[in-house]
Structures are given as structure tokens and as C-alpha cells.
Amino acid sequence: MHHSPEKADAGLVRQAQVRVREARTLLARPSVRSVEETGAPIQAALGCLLTLRNSLRSAGAPPEPGELVAALGELRREILSANVLLEGAARFYLGWARLFYAAACGYTPTGEPATLVPAGRLSVEL
Amino acid sequence: MSGIISALTSAADSLRVFDSALSNVQNNVDNASTPNFANQEVTLEAQKFSTQEGLAGGVGTGPLQSTRDEYAEQAVRSEQRQFGAFQQTTNDLNSVQGLFDVTGKSGVPAALSGLFQAFSAWSVAPNDTLPRQQVIDAATTVASQISENATALNTASQSESQQIGDAVTSINSLTSQLRDLNVQMQADFAAQSDPGVDAQLHSTLNSLAQYTDFTVLREADGTVTVLMGGQVPLVIGSQQHAISANSSGTQTAIRDDQGTDITAQATTGSLGAMVAMRNTTLPSYLSNLNTLAEGLADTVNSTLAAGQDLNGNPGAPLFTYNAAVGAAATLAVNPIDPSQLAAASTTAPDGNANALALASLASQTQPQLNGLTFSGYYGRLATQVGQDVTASQAGQDAHQQLLLQAQSLVQNKSGVSLDEEAAQLMQFQRAYQATAQMIVVLNELTLDTLNLLQPGVA
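If you read the sequences in order, they're chains A and B. Residue numbers for the first sequence follow numbering that gives the first Met the number 0, so the first one is 0 and each next one is one higher. Residue numbers for the second sequence follow numbering that gives the first Met the number 0, so the first one is 0 and each next one is one higher.
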């Protein structure tokens with residue numbers, strides 16, 4: 000059973016969409032860990048798109064790219080939505096960092112909250 | 000013997016502590032669905048141990064600690080305000096979007112098209128009564144469509160005034176509740192650490208955030224000071240400062256309890272959105288409609304006046320309007336006899352030059368309409384309304400996600416030590432930078448791929 004190239008290409012976009020949606024779900028509850036875990040699905044989505052782009056460059060654009068264009072448009076909206084959530088999380092942590100550093104270490108001579116450098120740790124197992 | 004007694008006492012104390020911890024867990028579970036209830040934690044404190052003083056050590060309960068992070072609460076309120084503003088704008092715009100047809104098949108565009116077709120048909124038989132009457136009928140349709148649009152915008156503006164009044168009433172009711180909580184905390188010291196009062200306080204603040212922007216200051220006696228826009232007092236201790244709305248003029252003014260205009264402080268939340276809609280957005284749409292009505296009436300009337308009617312007189316004006324009241328709302332057709340329409344030019348009394356000039360207005364650009372045709376100008380207005388709706392809907396969707404995200408952040412407990420918190424913040428920064436870069440690359444790659452399929456579109 001052979002799939003047409005258009006269907007295979009649309010499949011890649013859908014896979015990328017699923018991965019970006021995973022990232023969005025993680026970013027909706029943005030703990031430090033979940034933001035770190037966002038890297039994997041985004042990288043997977045990048046892989047799908049790179050494969051698609053290489054395929055399009057070698058085989059050329061399909062004669063009727065409507066479905067593919069629509070899927071890519073949808074993917075782009077998902078990416079922008081993930082970006083909104085990532086920036087939202089960044090705003091929260093940046094604001095928190097300013098409050099936290101100012102409370103913990105005061106201010107620098109230029110009025111910026113001083114940065115707290117976490118102490119090094121050494122664990123010894125006996 | 001005393002050793003056994005102190006050991007038993009210590010064991011009994013420990014049991015009491017764990018009983019207290021269990022009660023606390025039960026209380027947290029009972030309040031799982033209480034709005035804005037923050038989980039309480041029992042802190043355990045080591046007791047002094049001294050054989051000489053006969054102190055058996057063991058464990059005791061410390062004070063209850065709220066895990067609520069005021070910073071996260073503030074982030075939720077900020078998102079609530081923005082979401083409230085976009086939601087309100089979307090609802091308001093959706094109600095007026097239906098007035099503006101972008102397909103050209105109904106409403107004002109279809110009526111304009113009908114009028115220019117009537118002029119064209121008249122130019123074929125300039126002296127016949129029927130096409131003359133058809134011009135008057137088509138002009139009546141244009142006037143009534145434009146006038147209906149203006150009336151609907153005015154009605155939307157009145158409805159907005161009503162909603163602003165309702166929002167102000169809700170704000171005053173919420174600030175009255177906050178005042179009551181303040182009074183309770185001033186009267187009873189224990190209320191300051193009562194999780195029920197705390198939940199009520201935060202729930203009320205969150206409800207208030209849907210309406211307007213404000214700053215909350217927590218005073219030493221546990222009460223809250225609420226300042227609208229960071230400046231106008233709404234609640235200070237046991238004092239409530241009620242606000243009011245005055246929509247009697249063309250612009251709505253929000254006033255404080257001293258009568259001072261504080262409209263500039265109502266910039267966000269649903270109140271800010273409604274004030275912007277009534278004071279800026281709707282007047283701007285109406286102003287465009289007035290420009291169109293005036294432009295159309297003046298151009299058609301002056302073209303007719305330059306020609307000659309069937310009785311050899313200069314053409315009578317077809318349209319009338321009252322600019323002081325509003326050209327669009329008052330646009331109407333002059334009650335004239337069809338013979339008073341001037342189809343001919345003064346130089347060729349039996350010709351159709353004037354009717355042809357009127358028909359050609361369909362495709363002529365007008366300087367008073369920013370160089371657009373009549374239909375083009377209306378089309379631009381309709382498109383503007385559509386774009387405003389789309390932008391507002393996109394903002395609503397984005398802030399709905401951000402609100403849910405902020406609500407999830409409230410649930411996160413803050414770190415247990417300075418070191419761990421600082422390490423977490425650095426870890427977040429690294430994770431953020433890496434993810435942000437990948438999202439940028441992913442977005443660019445998607446655009447590249449779209450460009451491969453549709454060069455120049457993406």
C-alpha cells in the first residue's frame with residue numbers, strides 16, 4: 000500500500016502538531032522541570048519539519064498544496080500559542096526573580112536586584 | 000520514675016501534634032473546592048530536651064503557614080484583568096460586526112451598488128419617469144441602510160453605557176465586601192490568620208480584577224488597601240470609596256467619591272474595555288459612517304445642482320442630512336418629484352450628461368474619503384471592524400491560556416531555601432533560553448516550508 004507524497008507530507012505536519020501540542024500542555028503548568036521537558040517535543044517537531052522541507056526541496060511542491068498549506072497554518076498557530084505560554088512563564092519567573100533577589104540580597108549600586116549565586120554543594124556518601 | 004513520665008508525656012505530645020496535622024489535612028481536603036482557599040501547612044518544631052530541667056524534647060506544632068504566594072496571586076489578577084478586557088471587547092464587537100457586510104451582497108454595499116445601477120439605467124432613458132422614480136427608490140434604500148447602521152451603533156453605545164453602570168455597581172459591591180473583611184480583621188486579630196477569611200479576601204480580589212486594574216497593599220493590621228490604577232483609593236481600612244459612572248454626554252466619565260474624573264485609571268479589565276468601546280471605538284466607527292454619508296450626499300447633490308431638470312431648473316438635491324445630529328443617522332431622501340432630478344447638463348438640456356456623471360461616481364475616488372470610492376470606503380470600515388474582532392478574539396484566546404497558566408503557578412509552592420530557589424531560577428533561565436531559541440527556529444522553519452509551497456504568501 001503506497002501513500003501519495005502529499006499525504007505523507009501532511010502526516011509529518013500532523014506529527015509536528017502533536018509534538019507542539021505536547022509542549023503547550025507542559026507550558027500550561029510551567030514548573031522549571033516542565034519547561035526543561037518542553038525541549039524534547041519541540042526538537043521532535045523540528046525533526047518532522049526538516050524532513051518535510053528536505054522532501055519538498057528534492058521533490059518540489061505538490062500540484063495541489065492546499066491541505067498541506069492549511070496544516071502548516073494550523074501548526075504555526077500552535078507554535079505561536081506555545082510561544083505565548085513560554086513568554087508568560089518567563090514574565091512570571093523574571094518578576095519573581097527580581098522580587099526574590101531583591102529580598103534575599105538587596106540591590107546593586109545601579110538599583111538592580113543583586114543576584115544570589117547558589118552555594119556549591121558537596122555530597123559525601125559513607 | 001520521672002524519666003518514664005516525661006517519656007510518656009513526650010509520646011502524648013507527639014500524638015497530639017500528628018492529630019493536629021491530620022486535622023489540618025482534613026481541613027485542606029474539605030476546602031478543596033472553596034474558591035481561592037490556600038492549603039495550610041502545619042509546621043513542626045523540635046521541643047527543648049533537657050534531662051536536668053526534666054524536659055522530654057519531642058515535637059510540637061508551630062504556627063500554620065499559608066503556602067499562598069502573593070506574587071503568584073498578583074499574576075493571576077493581572078491575567079484576569081487582561082482576559083476580562085479582551086472578553087468584553089470581543090463580545091461588544093461581535094454584536095456590531097453583523098452590521099457591516101463584507102461580501103457586498105447586502106446592507107450598505109448592496110444599496111450603494113443599487114443606487115449607481117439606477118443612475119446608469121436612468122442615463123439610458125433620461126426623460127422617462129420610471130428610471131427617475133427608481134433612482135429615488137434606490138437612494139431611499141441607501142439612506143435607510145446607512146441610517147440603520149448609525150442607529151444600531153448608537154444603540155450599542157447606549158447599551159455600553161448601561162453595562163458600564165452595571166460594572167461600576169459590581170465594583171462598588173466588591174469593594175464594600177473588602178471593607179467588611181477589613182472591619183472584621185480590625186475587630187478580631189485571629190481573623191488575620193483565618194484561612195476562610197483569607198480565601199474570601201482573595202476570591203473577592205480576583206472578582207474585582209475582572210473589572211479593573213488595581214494595586215493591593217497589605218497593611219500591618221492585616222487589612223488591605225485597594226487603589227484603582229495604583230492611585231485612586233477604593234478601600235482603605237474601614238473606609239470604602241465608591242466610584243460612579245456618568246454617561247449623559249457623548250463620552251462616559253468614571254468619577255471617584257469626590258467627583259474627580261478618574262476615567263484615565265480605567266484602562267483595563269472589562270470596565271476599561273467598555274469605556275474604550277464607548278468613548279473611542281464606537282465613535283470612530285460612527286465618525287467613518289458620518290463621513291461616508293456626508294460625502295455621498297454632498298457629491299450627489301452638487302452633481303445634480305450642476306445639471307438641469309425636466310423643467311429647465313437646476314437639479315434639486317436628492318439627499319438631506321443634519322450634520323449637527325449626525326449625517327449618517329439623519330440621512331434621508333428629499334421629497335421631490337422625479338421631474339426635479341437633473342439628468343442633463345446645462346449646455347445640452349435634452350441630453351444625459353449629468354446622469355452619466357452620477358453613474359460614474361461608482362468608480363470615482365473621493366478626496367474626502369481618503370482617496371477611496373464610496374464602496375471602497377465602506378468596505379475598509381467593514382474590514383476594520385472584522386480585524387478588530389479578530390485581534391480581540393486572538394487576545395482573548397491568548398490571555399485565557401495565560402490565565403490558566405497563572406492559576407497553575409499559584410499552586411506551585413515556593414522553594415524551601417534561598418539556595419534552592421536561586422538554583423531553580425537559574426535552571427529556569429537556561430531552560431527558557433533553550434526553548435525560546437528552538438521555538439524561533441521552529442517558527443522560521445514553518446514559514447520557510449510555507450514559502451516553498453506558496454512563494455511570497457507566508
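The set of hints was computed from the structure by calculation and includes no laboratory data. Heads up, some of the hints might be wrong.
Chain B regions said to be covered by chain A (calculated; three or more residues, Cβ under 8 angstroms) [said to hold, decoys possible]:
#1 87–100
#2 275–289
#3 425–435
Going by beta-carbon spacing under 7 angstroms, a handful of chain B positions derived as facing chain A [to be verified]:
#4 F188
#5 A189
#6 V223
To list a few chain A residues with every Cβ distance to chain B over 12 angstroms, as calculated [claimed, not checked]:
#7 A7
#8 G10
#9 A81
#10 E86
#11 C104
#12 T107
#13 T109
#14 G110
Note that CB positions come from ideal geometry on N, CA and C, so glycine has one too.
Right, here's what the structure says about each hint:
1. As drawn, the region 87–100 of chain B meets chain A at 0 residues by the rule of a beta-carbon pair under 8 angstroms; below three, the given contact is violated.
2. Counting residues of the region 275–289 of chain B whose C-beta sits closer than 8 angstroms to any C-beta of chain A gives 0, which falls short of three, so the coverage hint is violated.
3. For the region 425–435 of chain B, the stated coverage by chain A holds: 9 residues have a C-beta nearer than 8 angstroms to a C-beta of that chain, and at least 3 were required.
4. Restraint check, F188(B) versus chain A: the minimum CB separation of about 26 angstroms is more than 7 angstroms; hint violated.
5. Checking A189(B) against chain A by beta carbon gives a least distance of about 27 angstroms; that is not within 7 angstroms, so the hint is violated.
6. A least Cβ separation of about 19 angstroms between V223(B) and chain A goes past the 7 angstroms threshold, and the interface hint is therefore violated.
7. With a cut of 12 angstroms on Cβ distances, A7(A) stays outside the contact zone with chain B, its closest approach being about 14 angstroms.
8. Listed as outside the interface, G10(A) is consistent with that label: its C-beta sits roughly 14 angstroms from the nearest C-beta of chain B, beyond the 12 angstroms cut-off.
9. Not every C-beta of chain B lies more than 12 angstroms from that of A81(A), the closest at about 6 angstroms, which undercuts listing it as non-interface.
10. For E86(A), the condition that its CB be more than 12 angstroms from all CB atoms of chain B is violated, with the nearest at approximately 8 angstroms.
11. With a least CB separation of 9 angstroms from chain B, C104(A) falls inside the 12 angstroms interface cut-off, contrary to its annotation.
12. Consistency note on T107(A): stated as away from chain B, and its beta-carbon is indeed over 12 angstroms from all of that chain's, at 16 angstroms minimum.
13. With a least beta-carbon separation of about 20 angstroms from chain B, T109(A) lies farther than 12 angstroms from that chain, consistent with its non-interface assignment.
14. The claim that G110(A) is not at the interface with chain B holds, since no C-beta of that chain comes within 12 angstroms of its own (minimum 20 angstroms).
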